[in-house]
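Produce the entire structure from the sequences given, and follow the hints as far as they go.
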Amino acid sequence: MNGPARIRVMVVDDHPLLREGIAAVLARQTDIELVAEAADGLEAIEQFRQHRPDVTLMDLQMPRMNGIDAIAAIRRDHPAARMVVLTTYKGDAQALRAIKAGATGYLLKSTLRKEMVETIRSVHAGRRHVPAEIACEIAEHVADDALSLREIDVLGRVAVGNTNREVARQLGISEETVKAHLKNLFAKLSAKDRTHAVMLALKRGILQI
1 MNGPARIRVM
11 VVDDHPLLRE
21 GIAAVLARQT
31 DIELVAEAAD
41 GLEAIEQFRQ
51 HRPDVTLMDL
61 QMPRMNGIDA
71 IAAIRRDHPA
81 ARMVVLTTYK
91 GDAQALRAIK
101 AGATGYLLKS
111 TLRKEMVETI
121 RSVHAGRRHV
131 PAEIACEIAE
141 HVADDALSLR
151 EIDVLGRVAV
161 GNTNREVARQ
171 LGISEETVKA
181 HLKNLFAKLS
191 AKDRTHAVML
201 ALKRGILQI
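Residue numbering for the sequence shown follows the UniProt record's numbering, beginning at 1 and increasing consecutively.
None of these hints come from the bench; they were simulated from the model.
We treat Cβ as the ideally placed atom computed from N, Cα and C, and that holds for glycine.
Simulated crosslink set (DSBU-like; lysine-lysine; CA at most 35 Å straight-line):
| # | residue 1 | residue 2 |
| --- | --- | --- |
| 1 | K192 | K179 |
| 2 | K203 | K188 |
| 3 | K192 | K109 |
| 4 | K114 | K100 |
Between beta-carbon pairs, the in silico distance windows are:
| # | residue 1 | residue 2 | range |
| --- | --- | --- | --- |
| 5 | R165 | E133 | 37 to 45 Å |
| 6 | R150 | Q29 | 43 to 51 Å |
| 7 | T163 | R76 | 38 to 46 Å |
| 8 | A23 | Q61 | 16 to 24 Å |
This is the structure we're talking about:
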């Protein structure tokens, strides 16, 4: 008589060594099997269609297509897909984007050895898994005014060293409008100046540079 079906897992990450490490851990589990691997979001979509894993571990920062876009694309075609984000970032904005895209779990790479297997089992059983430190950050900023796409664009250009005049020229807007965007986003982030705003945005995952 056959035992209970094993949890079928796909891992998506552009670092082969990380995928190998995850595969080694999963190989020791009697109730979990690794059925597919992918190195970017586009490959993940194709592998998901082919293998239909029960749980997918998805990196966020990848070439060609990032993890959030891949999660959203997979969930459009397969609404019941269970997706766990793999990331080194603790930022609340990034976590919230992933959850809104359809992620049901969130796993920091620094905690893989301790938490990965139980997270897979928990998500497969229909539960959400968001580490307490990330849940606290999301709660802390839930009432904040979100930065607009234009404000994020302006801040991203400032972050790589552009002056207000250069940002204005790149976006085809006036320098005064750039200053107004900066003033608004400083208030939303509770930032003292440009450098502080960039630092806060990077920490929270609003910017990735």
